[in-house]
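Number of protein chains: 2
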Amino acid sequence: MTQPSDKALVPFVSVDNMMRLIHHVGIEPMLRDLAAYIEEDFRRWPEFDKTARVASHSEVGVIELMPASDGTSYGFKYVNGHPKNTSEGLQTVTAFGLLADMYTGYPVLLTEMTLLTALRTAAMSALAAKHLAPAQARVMAMIGNGAQAEFQCLAFRALCGIEEVRLYDIDPAATAKCVRNLARSGLRVVPCDSPEQATLGAQIITTCTADKQYATILTDNMVGAGVHINAIGGDCPGKTELAPAILHRADIFVEYSEQTRVEGEIQQLPSDHPVTELWQVIAGQATGRREAVQITLFDSVGFAIEDFSALRYIRDRIKGTDLFEPLDMLADPDDPRDLFGMVQRAAG
Amino acid sequence: MTQPSDKALVPFVSVDNMMRLIHHVGIEPMLRDLAAYIEEDFRRWPEFDKTARVASHSEVGVIELMPASDGTSYGFKYVNGHPKNTSEGLQTVTAFGLLADMYTGYPVLLTEMTLLTALRTAAMSALAAKHLAPAQARVMAMIGNGAQAEFQCLAFRALCGIEEVRLYDIDPAATAKCVRNLARSGLRVVPCDSPEQATLGAQIITTCTADKQYATILTDNMVGAGVHINAIGGDCPGKTELAPAILHRADIFVEYSEQTRVEGEIQQLPSDHPVTELWQVIAGQATGRREAVQITLFDSVGFAIEDFSALRYIRDRIKGTDLFEPLDMLADPDDPRDLFGMVQRAAG
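Chain order of the listed sequences is A and B. First residue of the first sequence: 1051, per the working numbering; consecutive thereafter. First residue of the second sequence: 1051, per the working numbering; consecutive thereafter.
Bound-form chain A, shown alone (with noise of 0.2 Å):
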């Protein structure tokens, strides 16, 4: 074995730490961590360096790489989006993620970022919400109950207070899972037969379906005023779930706006169609909810800085825990230009 520096030694948090890592904050901290992490990146959004993700679709699939820098840290995840794995056993979107130092452009931390991810982007609603639902929010309708729906639901309750949610997916069987799931949340669960059901008395209507297609799995007439649509399924070329009917009765947010044409619900839209970006209205520079009446809808489709955040995050809390391993992944010679005979050492 070498006896490489410090810096050679890159922490890793694996799947079962980051399992012991939400056990050990406690999941609804943790996703108000996560919220207050984005929302100080989405404050200083102007000093990142902004790449749209670098993908590679294949007929079944899309394999992407989401960079982000702010000058000082850099960080990208790789996740892949596969519909097709669920029938497979598999999971639909796999992650993992990598913050390095840009002074040196060494790597400080590798961790898994499926369980993450699930996370930040239910911060990232919850967060989102926090700026544009009615502040008297209580029911939120939650239309699509897979891998992604108990995080939005415990999410919603730990920064916006929802207090009731009602469950509606195609597969009874999801909802079923969900609703078990969600068993001791303290949130009230309302397994509903129908979308239409599960809109009734919600002041919030998140959509999370997976279909790869465009689908409507809301229709205008489910969409009263005063609501807040919290759009998270629509989110590659060709994948949307809103009526273009009610694109032109809400505000629309996004995240990038650049990202958000391509992949999100307004790609149905004229691309010169108004949008506001999210950051502004929390840097204070543009309007959220103006009044009771506004339908406002957030089409999140997923931006690099968010995954920055749940980097930094993981990286600032795993300091003084047991939660990672540390990986010899950086050859390390004591004289950098003698990689050669740290390999020719290494053979006794």
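Please note that the accuracy of each hint is not assured.
Identical chains blur together in the list; that is why a pair holds if it fits in one copy or across any two.
To be verified - Quick list of in silico lysine-lysine cross-link-like pairs, DSS-like style, CA-CA up to 30 Å: (1) 1180 <-> 1134; (2) 1369 <-> 1134; (3) 1057 <-> 1100; (4) 1180 <-> 1100; (5) 1180 <-> 1057; (6) 1100 <-> 1369; (7) 1134 <-> 1057.
Bear in mind the hints are in silico, worked out from the structure with no lab data behind them.
Since the structure of chain A is already known, use the hints to place chain B on it.
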């Protein structure tokens, strides 16, 4: 501890295991194997999804992601370039890489690539020389005796039959290190006091210096008729090693012209100066060396397909060995939709 499925555990090759693999295979056989994998992929070049690297620059360096895919597998490399690192006791270049299955989007290999990049770069150089250098070349000048130098010398011995290397570096300590490391290589090793002395009688000249600026490592008068130049240090915008006059006397071969025009020696030339992509020579679609007096130049900046080939090789080569560890990197619940339930059940 959870019970992840096979697919959730990603084989990881640490620096330590990469060194063991090198000694297990033998460094010269491994350089030949890598060249064979690169040659195979260069032959089917048009099949690849080619993307220019995604770079994030700071004042002191750069971090890059280099993805490539052949439609079946997807690979990418994370690599930094920080010339000032050496003076701080760190590597100028560190790297790691990942190979994934395009059909599922699941990673199938994570590996250190600092050592692997040194090996694949040397294999690439020697492979190019096999097609471009005079067949009877036995003497190589090696200008720049840093971390890459010994790998280059051994690759040219293994693939091109080089018997003598003539070493020069502005820092004599670097040359001394290189002489020491090559003592038992079977090469005749001649330390030189000047680049002129190094190039004396050499049929191949390799330049590999690390200054991040326009420099003239090789002047016109040092390059005689019939020489093959392997220029690997001019590899980013603003960083070149050759006097422009040499470029006008040489037939120029590159990896991916779109990238080389920005990063290579030819950034000193008009953007329409004729160059040949090496894959065309390897695939039999273009001529390499035509005659004895011709000066050939391989203007190498490194391309993602070479890393893809190296990743493929490691994946194939570690099968049946114990030279990797399974990494718990992908969350993989029994029911793919029950990510939250997996977290809940881990609480116990």
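Evaluated hints:
no.: 1; hint: 1180 <-> 1134; in the structure: neither (34 Å within a copy, 45 Å between copies)
no.: 2; hint: 1369 <-> 1134; in the structure: between (38 Å within a copy, 28 Å between copies)
no.: 3; hint: 1057 <-> 1100; in the structure: within (27 Å within a copy, 32 Å between copies)
no.: 4; hint: 1180 <-> 1100; in the structure: within (25 Å within a copy, 42 Å between copies)
no.: 5; hint: 1180 <-> 1057; in the structure: neither (40 Å within a copy, 38 Å between copies)
no.: 6; hint: 1100 <-> 1369; in the structure: within (28 Å within a copy, 39 Å between copies)
no.: 7; hint: 1134 <-> 1057; in the structure: between (40 Å within a copy, 16 Å between copies)
Hint violations for this structure: numbers 1, 5, all remaining hints satisfied.
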